[in-house]
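Heads up: the sequence lines are chains A and Z, in that order. Just so it is clear: in the first sequence, position 292 is 292 by our numbering, and no numbers are missing. Just so it is clear: in the second sequence, position 170 is 170 by our numbering, and no numbers are missing.
Derived from the structure by calculation, the hints contain no laboratory data. Check before you lean on any hint, since a few could be wrong.
As the list claims (entries may be wrong) - The following residues of chain Z were derived to be distant from chain A, with all beta-carbon distances above 12 Å:
{"#": "1", "residue": "58"}
{"#": "2", "residue": "83"}
{"#": "3", "residue": "89"}
{"#": "4", "residue": "92"}
{"#": "5", "residue": "94"}
{"#": "6", "residue": "95"}
{"#": "7", "residue": "96"}
{"#": "8", "residue": "97"}
{"#": "9", "residue": "98"}
{"#": "10", "residue": "150"}
{"#": "11", "residue": "239"}
{"#": "12", "residue": "247"}
{"#": "13", "residue": "286"}
{"#": "14", "residue": "308"}
What the hints assert, rightly or not - To give a feel for the contact side, a few chain A residues facing chain Z, derived at Cβ under 10 Å:
{"#": "15", "residue": "52"}
{"#": "16", "residue": "92"}
{"#": "17", "residue": "94"}
{"#": "18", "residue": "99"}
{"#": "19", "residue": "110"}
{"#": "20", "residue": "147"}
{"#": "21", "residue": "149"}
To be verified - Non-contacting residues of chain Z with respect to chain A, defined by C-beta distances greater than 10 Å in every case (computed):
{"#": "22", "residue": "69"}
{"#": "23", "residue": "76"}
{"#": "24", "residue": "90"}
{"#": "25", "residue": "116"}
{"#": "26", "residue": "156"}
{"#": "27", "residue": "172"}
{"#": "28", "residue": "201"}
{"#": "29", "residue": "225"}
{"#": "30", "residue": "276"}
{"#": "31", "residue": "278"}
In this text, all values refer to a predicted model and were calculated from it rather than measured experimentally. A virtual CB, placed ideally from N, CA and C, is assigned to each residue, including glycine.
Next come the chains, spelled out residue by residue.
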Amino acid sequence: MLTLERVSKTYKVGLFGGTDLAAVRDVSFSLQPGEVISLIGESGSGKSTIGKMILRLLAVNGGAITHDGTDIATLRGSALRSYYRTVQGVFQDPFSSFNPIFKADHVFGLIRGVYFGSASTAEWERKLNDALEAVTLDPGQVLHKYPHQLSGGQLQRLLIARALLLDTRYLVADEIISMLDASTRIDVLNLLGDLKARGLGILFITHDLSLGNYISERTVILRRGRIVEMGPTAAVFGQPLHPYTRMLIASVPRLHEKWGQIDAGVRAGSGWAPAPGERCLFHAAVPDGGAAADLAGLAGSGLAELEAGHFVGCVAPTADGTCGGRSASAA
Amino acid sequence: MTTRAPSAGAQTPDVVQGPQGVPTVPGAVPVGGRPDPRPMSRRGEILYFALRTKKVIIGLTIIAVFLVLALIGPIIRPGDPDALIGPLGASPSADWWFGTTSFGQDIFAQFVYSLGSTFLVGALGGGIAAIIGMTVGFVAGYRGGWIDEVLNMITNVVLVIPTLALLLVAAAYLSARGVVVEALFIGFTSWPWAARAIRAQTFSLRSREFVNLARMSGVKGLRIVFGEIAPNMSSYLFLTFILLFGGAILIAATLDFIGLGPTSGSSLGLMMYDAVAWSALQLGLWWWFIPPGVAITAIVGALYITNVGLDEVFNPKLRNT
Chain A
1 MLTLERVSKT
11 YKVGLFGGTD
21 LAAVRDVSFS
31 LQPGEVISLI
41 GESGSGKSTI
51 GKMILRLLAV
61 NGGAITHDGT
71 DIATLRGSAL
81 RSYYRTVQGV
91 FQDPFSSFNP
101 IFKADHVFGL
111 IRGVYFGSAS
121 TAEWERKLND
131 ALEAVTLDPG
141 QVLHKYPHQL
151 SGGQLQRLLI
161 ARALLLDTRY
171 LVADEIISML
181 DASTRIDVLN
191 LLGDLKARGL
201 GILFITHDLS
211 LGNYISERTV
221 ILRRGRIVEM
231 GPTAAVFGQP
241 LHPYTRMLIA
251 SVPRLHEKWG
261 QIDAGVRAGS
271 GWAPAPGERC
281 LFHAAVPDGG
291 AAADLAGLAG
301 SGLAELEAGH
311 FVGCVAPTAD
321 GTCGGRSASA
331 A
Chain Z
1 MTTRAPSAGA
11 QTPDVVQGPQ
21 GVPTVPGAVP
31 VGGRPDPRPM
41 SRRGEILYFA
51 LRTKKVIIGL
61 TIIAVFLVLA
71 LIGPIIRPGD
81 PDALIGPLGA
91 SPSADWWFGT
101 TSFGQDIFAQ
111 FVYSLGSTFL
121 VGALGGGIAA
131 IIGMTVGFVA
141 GYRGGWIDEV
151 LNMITNVVLV
161 IPTLALLLVA
171 AAYLSARGVV
181 VEALFIGFTS
191 WPWAARAIRA
201 QTFSLRSREF
211 VNLARMSGVK
221 GLRIVFGEIA
231 PNMSSYLFLT
241 FILLFGGAIL
251 IAATLDFIGL
261 GPTSGSSLGL
271 MMYDAVAWSA
281 LQLGLWWWFI
291 PPGVAITAIV
301 GALYITNVGL
311 DEVFNPKLRN
321 T
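This is chain A alone, in the form it adopts within the complex:
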């Protein structure tokens, strides 16, 4: 199991790094094998930062990410290599994921050197062909070609094949379909579904709600680095609790709706922010003002559990993340 416990990430910005920019604050959730969690949020909400922290490409500032009980920040050398054997990622831009001066099979050469040093050439080629067939690619068509000679969908599937070659159990898929066109998009999405059926745990990072709804069991909605709502996908999309989630769902254009046919007043707004003096609706509903001390792993992260497994964040958080409406509603 891959668990995030109150993970925070702060970037130093400004002259001499004097200003702190909190990209991720107090994020806790866990990913099991065979489960897809979609991590949804607008640009800058910290969703890619979470993915990079899980992949150990960025260091965690607060909290911890554990893999089967081991804090991944402590991994070095061979322990880190075996971590990458089970946890892998695919990124948004397939063209930037390949070094343009090497042929596409270079990405396989890299893992061969590190993980399959003892395998014979025939054995390796059999494995490679199996992995490519699993992502419906013809080895003869894609290997020995430069990245710019292949399509985005082919490159993205090559990267998934690379993850399959290792004994990947958790895949961080960071906006992997955003740059593909509509027809290849569904292919890659269905491929992820197949992988889930095979027992892979997938963190599906996206800003597209319909994609998240299509593929995932659980949904985590992020806003400004903080979880605003989290729960089973059906519950989050069916009965959204947080006004931000409602706004997001309302702002998805429907296939048979046209701009001109909708009254201006009914059109979804482009953003949401807590109104001044707005009181928190949720923490008042939970005993003890939503301190939620009994919720394992979520204590103090400002989330209230309103239904089983359906958590919602404060509507009017204060600057330090505690519930702004709490004292008013508790009184």
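Based on the hints, put chain Z in the right spot on chain A.
Chain Z in isolation, oriented as in the chain A frame:
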């Protein structure tokens, strides 16, 4: 796709049917078909394209001509190139190919000996500067943090040292200076801009996804620098070396020309220094200063042409295939 019996004249002779009946020109990878079972290695491929790029061939040919001249010249004209053996101030002729100085020295002999020391200064000075610059640039750019701060500070300190003043001091202490000393001096003072350029480039490549992918493949830092980042900027690195090589030759010529050059041996810059010092310009002895001037210009120019061509060789996207 329909199959039909091959008949004479059905195909034009220079177009052959590739796999799956796709017409291809010989040597091209057939679209959609299986490529050559043994594809070229990266090194082989670079050589293949380098030898088919006109600019590279032109540039390398010019360099090779001067290099050969520098190597066989001393065999054609053995002995001291500064010996006073010819007529005074003779123009080029069958006996004295490049003419003689106003003291009767053979300018061709001086020229070929000087070419050798020019290449030595370029290769040694440029090479040392390139090695220091690349090491500092790669380490600072890839590691970042306090290592970057320290290396950057050292780079900037060396960058602002007034080279000429340092050389004047050195000239005062070293009574006998050879070409090698001059090359070392140039090498150890001309690397900072290269380090800064490579640092900046490494910094921008470091955050690219393919570097992340290599890290997620368990590849170690040093191998990421030399296996992913350096190949990606290989034409840039080559440009850096060429600029440092050409720069070292020009700096050496300048130092020689103002009289801070080697006290022994000869160089193209020293030849021009002598020509000006003994009024070759005013006396109309053009054969004294034209050959070294043309040689310096041609060598540096040929290096630039080679580099422009190599850009196409190293970057698969620029190849016309």
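Here is what the structure says about each hint:
{"no.": "1", "hint": "58", "in the structure": "24 Å, holds"}
{"no.": "2", "hint": "83", "in the structure": "53 Å, holds"}
{"no.": "3", "hint": "89", "in the structure": "56 Å, holds"}
{"no.": "4", "hint": "92", "in the structure": "48 Å, holds"}
{"no.": "5", "hint": "94", "in the structure": "52 Å, holds"}
{"no.": "6", "hint": "95", "in the structure": "54 Å, holds"}
{"no.": "7", "hint": "96", "in the structure": "51 Å, holds"}
{"no.": "8", "hint": "97", "in the structure": "46 Å, holds"}
{"no.": "9", "hint": "98", "in the structure": "45 Å, holds"}
{"no.": "10", "hint": "150", "in the structure": "16 Å, holds"}
{"no.": "11", "hint": "239", "in the structure": "15 Å, holds"}
{"no.": "12", "hint": "247", "in the structure": "26 Å, holds"}
{"no.": "13", "hint": "286", "in the structure": "47 Å, holds"}
{"no.": "14", "hint": "308", "in the structure": "18 Å, holds"}
{"no.": "15", "hint": "52", "in the structure": "8 Å, holds"}
{"no.": "16", "hint": "92", "in the structure": "8 Å, holds"}
{"no.": "17", "hint": "94", "in the structure": "9 Å, holds"}
{"no.": "18", "hint": "99", "in the structure": "4 Å, holds"}
{"no.": "19", "hint": "110", "in the structure": "4 Å, holds"}
{"no.": "20", "hint": "147", "in the structure": "9 Å, holds"}
{"no.": "21", "hint": "149", "in the structure": "9 Å, holds"}
{"no.": "22", "hint": "69", "in the structure": "36 Å, holds"}
{"no.": "23", "hint": "76", "in the structure": "44 Å, holds"}
{"no.": "24", "hint": "90", "in the structure": "55 Å, holds"}
{"no.": "25", "hint": "116", "in the structure": "36 Å, holds"}
{"no.": "26", "hint": "156", "in the structure": "17 Å, holds"}
{"no.": "27", "hint": "172", "in the structure": "42 Å, holds"}
{"no.": "28", "hint": "201", "in the structure": "14 Å, holds"}
{"no.": "29", "hint": "225", "in the structure": "13 Å, holds"}
{"no.": "30", "hint": "276", "in the structure": "47 Å, holds"}
{"no.": "31", "hint": "278", "in the structure": "53 Å, holds"}
In terms of the numbered hints stated before, the structure departs from none.
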